[in-house]
Amino acid sequence: MNNNFLLLSGRVLLSILFLASGALKFGAMGPVLAGMLGQMGLPAPLVLTYLMGLSEIIGGIALVLGIQTRLVGILLAAWCVLTGLVVHLGAPIDFMKNLALAGGLIVLAAASPGSLALRTTWRKRGHSVVMAPSSASPNG
46 MNNNFLLLSG RVLLSILFLA SGALKFGAMG PVLAGMLGQM GLPAPLVLTY LMGLSEIIGG
106 IALVLGIQTR LVGILLAAWC VLTGLVVHLG APIDFMKNLA LAGGLIVLAA ASPGSLALRT
166 TWRKRGHSVV MAPSSASPNG
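With the numbering used here applied, the sequence shown covers 46 to 185.
Any given hint might turn out to be false.
Simulated DEER-style distance windows between Cβ atoms [as the list claims (entries may be wrong)]:
1) Ser-100 to Leu-144: 15 to 25 Å
2) Leu-91 to Phe-50: 39 to 49 Å
3) Pro-88 to Ala-155: 28 to 38 Å
Calculated cross-link-like contacts (lysine to any residue; reagent style SDA-like; alpha-carbon spacing at most 20 Å) [stated by the list, open to error]:
4) Lys-142 to Val-131
5) Lys-142 to Val-152
6) Lys-142 to Leu-130
7) Lys-142 to Ala-123
8) Lys-142 to Gly-55
9) Lys-142 to Leu-58
10) Lys-142 to Trp-124
11) Lys-142 to Ala-65
12) Lys-142 to Ile-119
13) Lys-142 to Thr-128
14) Lys-142 to Leu-64
15) Lys-142 to Gly-67
16) Lys-142 to Leu-69
17) Lys-142 to Val-132
18) Lys-142 to Leu-127
19) Lys-142 to Ile-61
20) Lys-142 to Ser-54
Since the hints were made in silico from the structure, they are not lab data. The beta carbon of each residue, even a glycine, is placed where N, CA and C say it ideally should be.
Take these sequences, add in the hints, and give me the full structure.
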């Protein structure tokens with residue numbers, strides 16, 4: 046099987062959790078999570094909930110498109126570990142799920158996003174998004 050297809054499949058599958066979780070924060074789960082954050086003493090819990098949801102959606106989209114794969118993979122892996130420690134520590138299966146997701150994201154961060162990816166190339170006069178050639182560097 047083509048490695049580029051495998052990398053795309055992995056990016057898509059990993060992104061599903063973040064896209065769905067982020068979207069839920071703008072729906073019925075938003076006020077529930079905001080209530081939990083408020084009980085933890087965090088300021089502006091509903092605003093924080095929406096920022097978390099937006100971050101997850103942006104991260105999920107970046108994974109699917111293969112934009113800044115290394116950075117996004119590391120940030121989302123850290124997010125999985127953090128939420129595992131804060132939210133899922135008392136639920137071993139959920140905690141291990143978060144650790145496994147973090148592991149997959151770290152592996153993705155170490156790999157090239159593949160040629161079926163967009164990557165952001167920063168230039169002095171702004172940026173442009175270009176298709177990554179198959180001989181692209183291993184960093185997304």
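Violations among the numbered hints, reported as their numbers in ascending order:
none
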